[in-house]
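Engineer: Chains as they are written, first to last, in my numbering: chain Y, 1 to 82; chain R, 1 to 1040; chain C, 1 to 226; chain D, 1 to 119.
Just so you know, these hints were derived from the structure itself, not from any lab.
The beta carbon of each residue, even a glycine, is placed where N, CA and C say it ideally should be.
Incorrect hints may appear among the rest.
[As the list claims (entries may be wrong)] Chain D residues, not near chain C, derived (Cβ > 12 Å throughout):
1. Ser47
2. Asp60
3. Thr83
4. Phe98
5. Lys104
6. Lys107
7. Ser108
8. Asp113
[To be verified] Heads up, simulated BS3-like pairs for lysine-lysine below, C-alpha to C-alpha not over 27 Å straight-line:
9. D/Lys105 <-> R/Lys347
10. R/Lys151 <-> D/Lys54
11. D/Lys54 <-> R/Lys150
12. D/Lys54 <-> C/Lys3
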Amino acid sequence: MIPIIIIGLGIIMIAAAFAAIYFKSLLASIITAGVISLLASVIYLILGSPDVAMTEASIGSGLTTVIFLFALHRVRKGNSDD
Amino acid sequence: MVSPIYILILSLSVGFLLSIFDRAGRKFSLTAFYSVLTFNVALMGDWLYRLAVLHVPTFVINTAGFNAPVSINLELGVAEALVLFLANLTGLMAAVYLFDKFREGKVSSLILYLLLVMGVNGLVMTQDIFNMFVFLEILSISTFALTTLKKNLKTLSAGFKYMIAGGVASTFFLLGVVFVYYFAGTLNLGFMTADQFSGIGLIALFLLSVSLFIELKPFPANGWALDVYQSVDSGIVSVIAVVNSAAIGFAFYKIMPLLPSSFLTAFGMAGIVTFFFSNMMGLKQENAKRLLGYSSIGQMGLLLASLVFTIGIEPAVRYLIIGGLFLNHLLSKAGLFWIAGIVKEEKIRNWGVLRNNKPLLVLFGLFIFALSGLPPFAGFWAKWEFVKVLVDSKMFFVLGTVLVGSLFELIFLFRWFTMAVKENADELEPMASPGFSRIFPVSFFGILAAVVSFGAMRCFYGSNWLQVLPVIAVLFITLIDSLPSKVKGFISLAAVAGYGYYLYPLLTGNIQLFFGVIFIAGSAVNLISTLNRKNQSKGFYGFLLMMIFSFGNLLIASTYLEFFLSWEFMTLSSFLLILRGQNAQRASLMYMIFSTAGAYLIMVGFSFAPALSSTAALILSIQDVNLPLISFIVLAIGFMIKSGSVGVHIWLPEAHAEAESDVSPFISAILLKAGVFGLLLLGIAYVSNAPSFDVFYWVGWIGVITAIAGAFMASFQEDAKKLLAYSSMSQVGYIVAALAMITHLGWVSALYLAFNHMMFKSALFIAVAGIYYRTRTRKMYEMGGLISRMPWTYMTVLMSIIAVSGVPPLSGFGAKWLIYTAFITKGWYLQAGVLFFASGVSFLYLYRLIHTIFLGQLKYEHQEIKEAPAWFIIPQYIFLAGIMAISMFPNLIIKPLNAIAMHYFDSSIQIDGLTVMSELGYWNGNLVMYVTMAVFAIPFIMLLLLKGKTQKVKQFNIVYAAERPESPQTTHVAHNMYAHLRKSLGSLSLPRVQEFWNSVAEWSHTLGAFFRRVYTGNGQTYLLHIILYIVVMYAVMGGQ
Amino acid sequence: MIKNVAVLIAVIGLVAIFLPIISGFQERDELNELAAQYVEGSINELRVPNVVTSVIVTYRGLDTLGEVTVLFLATVGVGLILKGKKEDRIKISASELLETTSSVLVAMIMVLGIYIFTHGHLTPGGGFQGGVVIASGFLLLLLSNVSLKMNHSIMHFVESLSGVAYVAIGVAGIVLTVGFLNPEVLPLGKFGNLLSAGAVPVIYSLIGIKVGSELTSILVTMGGEK
Amino acid sequence: MISLYTLILGIALLLIGIYAMLTRKNLMKIVIGFSIADTGTHIIIVSLGYLRGKTAPVIDAAVSVSNAVREVVDPVPSALVLTAIVIGLAVTAVMLSFIVEMYKKNKSLSIDDYQELKW
């Protein structure tokens, strides 16, 4: 069961990673990257590292995303290209 | 005994509190900031003293109350203490340099800087690889942020590229760390052994080491670093280039024991490649700070290579090499970056502004010399030992690459230096005078570089004050440099006399004594002509004494190193003397390049030589040394570069011509003899232990070709000094050819020629100096008829050219007689024939010299000029007296020369009273003199009798038939005098050599320009380079 | 085009580097000697149930001090880079209701944060996680337009003092016990109690406070201060 | 073999992140790539610390004090990742602030517009 969950999560995460780098919208990219971190924290839980999971969820997906969003806000015009 | 952990504790606490202090006023935060930095230096200095001098054991700091590997531990041994002392010192000095920025900027920069320095301390001391990662990040993040201390588009984009590169590198480092943990079960370096890693475990080590290596900026994965060096504030750059690199390099050094030899070789090679290519690309660089960047990266590459390639050798030597290179890089690179920040001119072409600030210019030169590996600076000793190590371990490819790379580096550094000294800066805004906080660190490091170099010398080689006398002379003259030049001249004369007096008892061999006369007595007489100097001539006498003393030291050098040391002192001082000439920028640079190439060959040649068993002077003990063939070849080429042999002669004419006119006699008459001395040294070794291949046969041919080529080139010159220069080349060619015979008579004639040449060429150059002093021109066709205005000088030139040409009755005749006899007895008939032809050609230029300058019509503008000043006339006549003496009584010199040569060969001549006899005939100088005088007397009397019938013609008693020519000089008979001859020589004419070297230079530049195209300026491309670099390194290492 | 090929080579090369690791990877069955020592030591010597915490705060305390420093440097660095310009900040039209609600919410979040870092030695989580939670509280304040001006300068004090206190406890380790950052400067207490494990909870709390204030600083700087 | 799967996942994310950094022109995307690579690295580290069938190294109801050594996963990688995550955040924040300032100066987010220094 657990391997299947991990494989499923892994496929989603890899797909999300490709999505994050190919999305036209920077906002979508940032959010997707945050989602990857959030899913990663699930992986950490499965791997027996709740401390890491908490940290990843709060810092990796939470705070980092906020900082990205703040930066994006400051460079609003810049999300047109690639 | 304060634990070094307090560096971390204090830095952190003060770092955390600094913003609170700052609220009370910048005074407080600055005080705390500088106090901590000073504390770091003092603590590390204390530890260095304890560890290195008192030999206390390595200090281990366990944290958290547990021993390693359970907890993280720090270690402080001698190597750590040394690196940290220097890093903290540089950190403090750079902070002093940045004082203005720190006083006015935000408090943030103080905090970042303080913690950066702390990161360095932690990184060096920690024994735990993950802790290394943490300190590496502390270091990186504070550095990233500090790049914006001067905030503009350039620094921001450079900083961003830096972050991308650094970020990826540290990601790989982190991966390496955890893989290492996975395989070794520990993070502590002290508990890892190389055999814990095999198979895929090696990948862990690969990631760990390659990412640190990337941080050390290997070519070509280092574009980001160059951009940072170029744009970021000089104070911060000095920290990045020196302090950060030192710490990261040390971290690399710490993991090196784990790495398998295939990794190490690959890293060492990568270091060498970096060194080579950075310096090659530096050739093309015009931006001062970027140039320093290339040099820094190159130096780091060399340092890494030296770390790898010295594994397994004697520790003391290893530390000397690594420490010397490191110290040299640290002191001079920091100093140069700071100077670059003070000068503010980006283009090195504009560095002429530095001349406004003489002390800074001196410091600039000092750092340049140190960086180029010239003595007495630390890099010199390190390079010498490193070359030896490479030779001993047969790494010839590495050796060659290192030497060519070093030469490239020297070229761009000296190009820069000559630009600062000579390039016109009139149109540029003069440099603002820097504040104390900026000038202090530069001076401090300059002094430190000097002190350290003497320290290293004492430490490793004992001290012989005579060996450093050349430097003492410079320092001494600098102290009294404000005195009038004449006073300094007399002091120098006294110093040379005193030196000669001191040296005399040390010259136990006849051969030393003979060269002692050429080097010391010859210099002393030549020195008289410098007394004519009117201006203050700052620095001149210092360099001159340095050169003269290094000549003398060559004679008594008792080891290869001492010989080479004096040789390099001689090169440096003569370079500085030549550089003083008004248009000598190019000439001096060329001289330096060729001399250094020669010096490298000499260094290599000596490295191949077996150890000396005797403590006698090298020139005496060399006969017991069995030199290998390779030594013979490279040493011969090295010495022939100095003596201006054909092919590598192109520095010679320009250096002679462009040096100040009272310097040229030294260069021609004495400096070239140093090359001869070297070849003689080699010859002596050859006599007792000849290699299988007859090196000297080819040396002989080169000498012969040099003689004839020089003679031809001399005939084509319009410039009197160039003419004399080529003549010197030709004459030294004779000497080399004669030496190369390796026979008794050959050597007697070679030494005879050498002595004779010293005298007449000094006399001629001083004569031309006098003429130039009066006419302000060196172009012969602009002179004429000076016989009436300068009869004394005329007399000198006349006598000298008789002595040169080898017609009776003067000394040259004896020389020719000896040399042809020698050739015929040796059986070198063809060579003799060519030389005979060359003597014919020499009449062409000698005729041209005396005819164009002294005969014909006096130029209008020279109607009123006077005889040359007495200071020029006196030495000329001393030399003339010498020439007359040995012409009349050749045995005065033949006898001692016979004795010298008899030391190595059976005598082939007999001396009977005033007659010298060889198997082919005899020569009696006295008799020749009387006969010739009689022959001359007859036409002379005839002329006197016919005097009444001469008709005097006024100079301008000429009616032009048609219009006046455009530039009248070109119609002068002396202009382009032997054009037809030149034409007939066709493609044999020698500018070919010049063309060859030009194309060599052009090619290196083109290659440099080609390779630096990898630095596109795009951060993404730089990242691609890094990834590809990692992949390639993996392929290289995995393949083994 | 050339660049694409080069990128392809680079990525394939990286795959080639990692492939042997994957193919040779073996899932571990038991703790290595060092990790076993940590587990034993944490329980028996330090009386910390959360082994990760004891590794972070004690055995590898120097790392953690360094980590806090890195974050501190990022705070300072971001401040230096984004110098002074008053940016227009993210505006969310905040009603009085929202402000009040968020104040209450913030108070609750703070309590949660404090709970997390004070119980770091007992349960998963600790200073860093707690710190982030506190920072997210402040983020809420920031977004809901509550003036942080006064808080900001207090924040600096808190940040500095908690950092210094952390170092001071470390030094106390040298003075009172055997080494820097030794937690036994305080009594070890009973296994599993809140007030146990020596200085571990104190250190973790200080870390929590420091991280919280540092992250808040970063957020405030990045978000643009008024 | 769950840690093998997560190891592969981590490496895949690392490579995707690096690929993004190598190919995306947008500065923000490059940093996003970095952040994905970072996440991948963290997953790799935790995978290396996993022990078959073991649980979290926290002594609670699930783990007995006496038998802890045989029941928990390796705590060291967890501790390392914790540090690495925080450091990753710090680096990301500094990178982003660079981008903000660069944008302010040059009004562009394309990395191709920042190559005035070269050779």
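Engineer: Check each numbered hint against the structure and report the violated ones by number, ascending.
Structural biologist: Checked against the structure, the hints that fail are numbers 1, 2, 3, 4, 5, 10, 11, 12, while the rest are satisfied.
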